[in-house]
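Make a model of the complete structure from these sequences and hints.
The UniProt record's numbering puts the first residue of the sequence shown at 1, with every later residue one more than the last.
Simulated from the structure, these hints should not be mistaken for lab results.
Cβ atoms here follow ideal geometry from the backbone N, Cα and C, with glycine treated the same way.
Any given hint could turn out to be false.
As the list claims (entries may be wrong) - Listed below are the simulated SDA-like cross-link pairs for lysine to any residue, each with C-alpha atoms no more than 20 Å apart in a straight line:
no.	residue 1	residue 2
1	LYS256	SER183
2	LYS466	PHE427
3	LYS412	LEU385
4	LYS120	GLN107
5	LYS42	LYS466
6	LYS256	ARG178
7	LYS104	ALA472
8	LYS322	GLU339
9	LYS85	ARG33
10	LYS42	ASP353
11	LYS35	TYR536
12	LYS660	ASP635
13	LYS256	SER170
14	LYS534	GLU84
15	LYS194	LYS120
16	LYS534	CYS41
17	LYS7	GLY440
18	LYS251	LYS322
19	LYS120	GLY321
20	LYS322	VAL117
21	LYS627	SER29
Stated by the list, open to error - For each label pair, taking beta carbons as the anchor points, the in silico distance ranges come out as:
no.	residue 1	residue 2	range
22	ASN276	LYS443	23 to 31 Å
23	GLU644	GLU105	51 to 59 Å
24	ASN220	SER45	28 to 36 Å
25	ARG365	ASP635	29 to 37 Å
26	SER451	ASP336	26 to 34 Å
27	CYS41	VAL200	36 to 44 Å
28	LYS120	GLY399	16 to 24 Å
29	HIS448	TYR168	53 to 61 Å
30	TYR168	GLN191	19 to 27 Å
31	LYS443	GLU647	46 to 54 Å
32	ARG400	LEU626	46 to 54 Å
33	LYS120	CYS188	43 to 51 Å
34	PRO193	ARG365	54 to 62 Å
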Amino acid sequence: MAGKTRKSEASTSSSSGDNNNNRGETVVSDCGRRKSSCGYCKSTSRTSVSHGLWAHSITVDDYQDLLDRGWRRSGSFLYKPEMEKTCCPSYTIRLRASDFVPSKEQQRVSRRMQRFVDGKLEVKKSVQAKKDPSISASACSEASSSGTKESLSNKNKEKNVGDHITNYLSEQVDNVIRTCSESGQFPCSVQLPKASVKKVLQAKRKLLVEGAEDLMYSSNMAFQIAATIRQAQSIAKDASRSAEDNPLSPKIIAEKLAASLDQLANTNGLTIRACNGHINFYTATPQVSSNKDNHIALGGQESATERKDFSLRKSSVHPQGKRRRLEIRLKRSSFDPEEFALYRRYQINVHNDTPDLVSESSYRRFLVDTPLVPVQPTGDSRVPLCGFGSFHQQYVIDGRLVAVGVIDILPKCLSSKYLFWDPDFAFLSLGKYSALQEIGWVKENEVHCPSLQYYYLGYYIHSCSKMRYKAAYCPSELLCPLRYQNSTSVRNKKFEVLIYKKAFGLKWCSTLCVHACGPRWVPFDIAQPLLDRKPYVVLSDFVLLQNGESSQPLVPENVMEVQGDENHNEDYHDVLIDDDNDNDDDDDNDDDDEFESSDDDSGPDSFGQTSVEIENGNVSDILIGLKGSRLRYKDLQRAIGLGERLESQLRRYKRVVGEKLSERMVYSLG
Numbered sequence: 001m002a003g004k005t006r007k008s009e010a011s012t013s014s015s016s017g018d019n020n021n022n023r024g025e026t027v028v029s030d031c032g033r034r035k036s037s038c039g040y041c042k043s044t045s046r047t048s049v050s051h052g053l054w055a056h057s058i059t060v061d062d063y064q065d066l067l068d069r070g071w072r073r074s075g076s077f078l079y080k081p082e083m084e085k086t087c088c089p090s091y092t093i094r095l096r097a098s099d100f101v102p103s104k105e106q107q108r109v110s111r112r113m114q115r116f117v118d119g120k121l122e123v124k125k126s127v128q129a130k131k132d133p134s135i136s137a138s139a140c141s142e143a144s145s146s147g148t149k150e151s152l153s154n155k156n157k158e159k160n161v162g163d164h165i166t167n168y169l170s171e172q173v174d175n176v177i178r179t180c181s182e183s184g185q186f187p188c189s190v191q192l193p194k195a196s197v198k199k200v201l202q203a204k205r206k207l208l209v210e211g212a213e214d215l216m217y218s219s220n221m222a223f224q225i226a227a228t229i230r231q232a233q234s235i236a237k238d239a240s241r242s243a244e245d246n247p248l249s250p251k252i253i254a255e256k257l258a259a260s261l262d263q264l265a266n267t268n269g270l271t272i273r274a275c276n277g278h279i280n281f282y283t284a285t286p287q288v289s290s291n292k293d294n295h296i297a298l299g300g301q302e303s304a305t306e307r308k309d310f311s312l313r314k315s316s317v318h319p320q321g322k323r324r325r326l327e328i329r330l331k332r333s334s335f336d337p338e339e340f341a342l343y344r345r346y347q348i349n350v351h352n353d354t355p356d357l358v359s360e361s362s363y364r365r366f367l368v369d370t371p372l373v374p375v376q377p378t379g380d381s382r383v384p385l386c387g388f389g390s391f392h393q394q395y396v397i398d399g400r401l402v403a404v405g406v407i408d409i410l411p412k413c414l415s416s417k418y419l420f421w422d423p424d425f426a427f428l429s430l431g432k433y434s435a436l437q438e439i440g441w442v443k444e445n446e447v448h449c450p451s452l453q454y455y456y457l458g459y460y461i462h463s464c465s466k467m468r469y470k471a472a473y474c475p476s477e478l479l480c481p482l483r484y485q486n487s488t489s490v491r492n493k494k495f496e497v498l499i500y501k502k503a504f505g506l507k508w509c510s511t512l513c514v515h516a517c518g519p520r521w522v523p524f525d526i527a528q529p530l531l532d533r534k535p536y537v538v539l540s541d542f543v544l545l546q547n548g549e550s551s552q553p554l555v556p557e558n559v560m561e562v563q564g565d566e567n568h569n570e571d572y573h574d575v576l577i578d579d580d581n582d583n584d585d586d587d588d589n590d591d592d593d594e595f596e597s598s599d600d601d602s603g604p605d606s607f608g609q610t611s612v613e614i615e616n617g618n619v620s621d622i623l624i625g626l627k628g629s630r631l632r633y634k635d636l637q638r639a640i641g642l643g644e645r646l647e648s649q650l651r652r653y654k655r656v657v658g659e660k661l662s663e664r665m666v667y668s669l670g
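Right under this line is the structure:
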């Protein structure tokens, strides 16, 4: 993008001790089960249930593995929803950056920012101006009174002219549709809808490559006609011609109508073309100087006065505005007064927080403090040029800080945690724009660090409509809430792959992580119909939706292997947010949260393991930290003897973090 620069302040000289085998250690304290009110379903009772850990320090490798087991962090607090028990099950969602396909809306966001940087899009009315008490009502009235009447009069005239134009064009399209029906091109027995032509808003007009035409009006009549014909055929139960076999697609209909409208184009100075089923009307006259207006007559039989009234007035050419400079700066997580001022303004104006709740201490705990042990660049392909750890990505326009993305850069992914932005720039959709930039960052840095391939968007919560926007970044996939490890020794593997090919489709088979009991990551378009039925689903179970009923899982529960981490190499963001992809899902560890003991250890739980599956609850190899020492639980037990209560807590801890992490991370006892 022209006018945009990236700057990284994160890279420093490589530390001699930094390598894959010496990245510090992870030390955690077990907080047990956590119950709180829910910000997603707005439940006032303590229906949100999760398990919590306080991280004194955590390596980027261990946090990556925790993410891949459904964990997230808010500051130094780690939490994982108990999926079967919580009111709003939260599924970890990610996408492979190299496979990302932007939607039309996401492309529009990028183009809008480009126009703004190029000086072709002006800043819309400031939120601050609306709320600034220093501007009195009388001053505003006095400043605007002289031009109000004239402005309203001009707007009314423009509206009337615009209405006459669209009515005129609609009549012409109606005439062409009638002619096509009479000539047999459309079924004459079908009552077709009345044509409608609408003006294209200035913000949505596309200047063509040739530079001599502007899209002014458009009609989607072809879609309405095609739908009407299909419906009529369906009602008539015409077995010889199904809706799919109907040759009159919107694209063909639009082309027929556009060809028949040639005479209208020739007599009124318009260019009319079909485009993907739409009938578009363009001005065919080059733009003129600012001293004169260009008129396009709409009727050949009106008088000169009428042509003036029923004309499309093409606005004069405005000189291109001053270009702006957009900088994207990546810096290590640290307190910045300018960032805090922006965060405070964002929370008050966008989330309606009261000023007394937006304190510097809460901001530090939530978005500045991090337990991640930073890893400096090593000069090879194991670490990206900026290193690993927690970062703030600043978006600066002409020296003004307009947005900050809080992210974690890990061995396999960029994990987006939160975004706050200047309310004055809401029209730029900075939430969506920052997500696109973060995906682009992963693509660029995969060249330097091949293991860094994914973009993690936090939690996807299907039961909360405001959290569904994350699935718009395609093709995304959801983490199964029960199984986290791929088996390297699967019996009848060819048979199982064949089953999954048939179940999920050939195009997905290459990206599925096939396990003896299902894929660990499931494509969203496969998971969506399952989540439409109920909020908690074991996604890796093979489920066929047939007549509203599901089949049984392919493999019984008692043969599942779920503990441990993975070694495979396959092919908005943690608090409730607005639809504009603010990238914020984390809650800030509310004061009214309730923690309870984790003694209850019986039976299977929502973390996907039974006591049998983890060697009958064997906790002997868990790494314990006590007064600066590091011992295995079995050695500590022999030395001083510990009670059953601690052993029960350790069994649950092993289930929530997995066997390998429990032996690698330090379970702190003080």
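Hints versus structure:
With a CA separation close to 12 Å, the supplied pair LYS256 and SER183 stays within the 20 Å bound. For the suggested pair LYS466 and PHE427, the alpha carbons sit about 19 Å apart, so the restraint of at most 20 Å is met. A C-alpha spacing of about 14 Å is found between LYS412 and LEU385, which places the hinted pair at or below 20 Å, so the restraint holds. For a cut-off of 20 Å, the pair hint linking LYS120 to GLN107 stands: about 17 Å separates their Cα positions.
The hinted pair formed by LYS42 and LYS466 meets the criterion: a straight-line CA distance of about 12 Å does not exceed 20 Å. Distance hint between LYS256 and ARG178 is fulfilled; the C-alpha atoms sit about 12 Å from each other, no more than 20 Å. For the suggested pair LYS104 and ALA472, the alpha carbons sit about 11 Å apart, so the restraint of at most 20 Å is met. Taken as a hint, the LYS322 and GLU339 pair is broken in the structure, with Cα atoms around 26 Å apart against an allowance of 20 Å.
For a cut-off of 20 Å, the pair hint linking LYS85 to ARG33 stands: about 11 Å separates their Cα positions. Distance hint between LYS42 and ASP353 is fulfilled; the C-alpha atoms sit about 16 Å from each other, no more than 20 Å. Straight-line distance between C-alpha atoms of LYS35 and TYR536 comes to about 18 Å, which keeps the hinted pair within the 20 Å bound. For the given pair, LYS660 sits about 18 Å from ASP635 by alpha-carbon distance, which is consistent with the 20 Å threshold.
Taking the CA atoms of LYS256 and SER170, the gap is near 16 Å; set against the 20 Å cutoff, the hint holds. Restraint check for LYS534 and GLU84: satisfied, since their Cα atoms lie roughly 11 Å apart, inside the 20 Å limit. For the hint pairing LYS194 with LYS120, the CA-to-CA distance comes to about 37 Å; that exceeds 20 Å, so the pair is violated. Simply put, LYS534 and CYS41 have alpha-carbon atoms about 15 Å apart, close enough for the 20 Å limit, and the pair holds.
Taking the CA atoms of LYS7 and GLY440, the gap is near 14 Å; set against the 20 Å cutoff, the hint holds. The hinted pair formed by LYS251 and LYS322 fails the criterion: a straight-line CA distance of about 40 Å is larger than 20 Å. Among the hinted pairs, LYS120 with GLY321 is consistent with the structure: their alpha-carbon atoms are about 6 Å apart, no more than 20 Å. Of the supplied pair hints, the one linking LYS322 and VAL117 holds, its CA atoms being roughly 9 Å apart against a limit of 20 Å.
With a C-alpha separation of about 13 Å, the suggested pairing of LYS627 with SER29 holds against the 20 Å cut-off. One distance hint, 23 to 31 Å for the beta-carbon pair ASN276 and LYS443, holds here, with the actual separation near 28 Å. Checked against the given bound of 51 to 59 Å, the beta carbons of GLU644 and GLU105, roughly 57 Å apart, stay inside it. At roughly 47 Å, the beta-carbon separation of ASN220 and SER45 lies outside the given 28 to 36 Å, and the hint is violated.
Taking the beta carbon of each, ARG365 and ASP635 are about 36 Å apart, inside 29 to 37 Å as hinted. Between SER451 and ASP336 the C-beta distance comes to about 30 Å, which sits within the given range of 26 to 34 Å. Distance hint check for CYS41 and VAL200: the Cβ-Cβ separation is about 40 Å, which falls inside the suggested range of 36 to 44 Å. At about 20 Å, the beta-carbon gap between LYS120 and GLY399 stays in the expected band of 16 to 24 Å.
Range check, HIS448 to TYR168: Cβ separation about 59 Å, and the 53 to 61 Å hint holds. At roughly 23 Å, the beta carbons of TYR168 and GLN191 sit within the given window of 19 to 27 Å. In this structure the hint that LYS443 and GLU647 lie 46 to 54 Å apart at CB holds, the actual value being about 47 Å. Look at ARG400 against LEU626: about 51 Å separates their beta carbons, and that is inside 46 to 54 Å.
At about 48 Å, the beta-carbon gap between LYS120 and CYS188 stays in the expected band of 43 to 51 Å. The supplied range of 54 to 62 Å is met by PRO193 and ARG365, whose beta-carbon atoms lie about 58 Å from each other.
Hint compliance for this structure: hints 8, 15, 18 and 24 are not met, and every other hint is.
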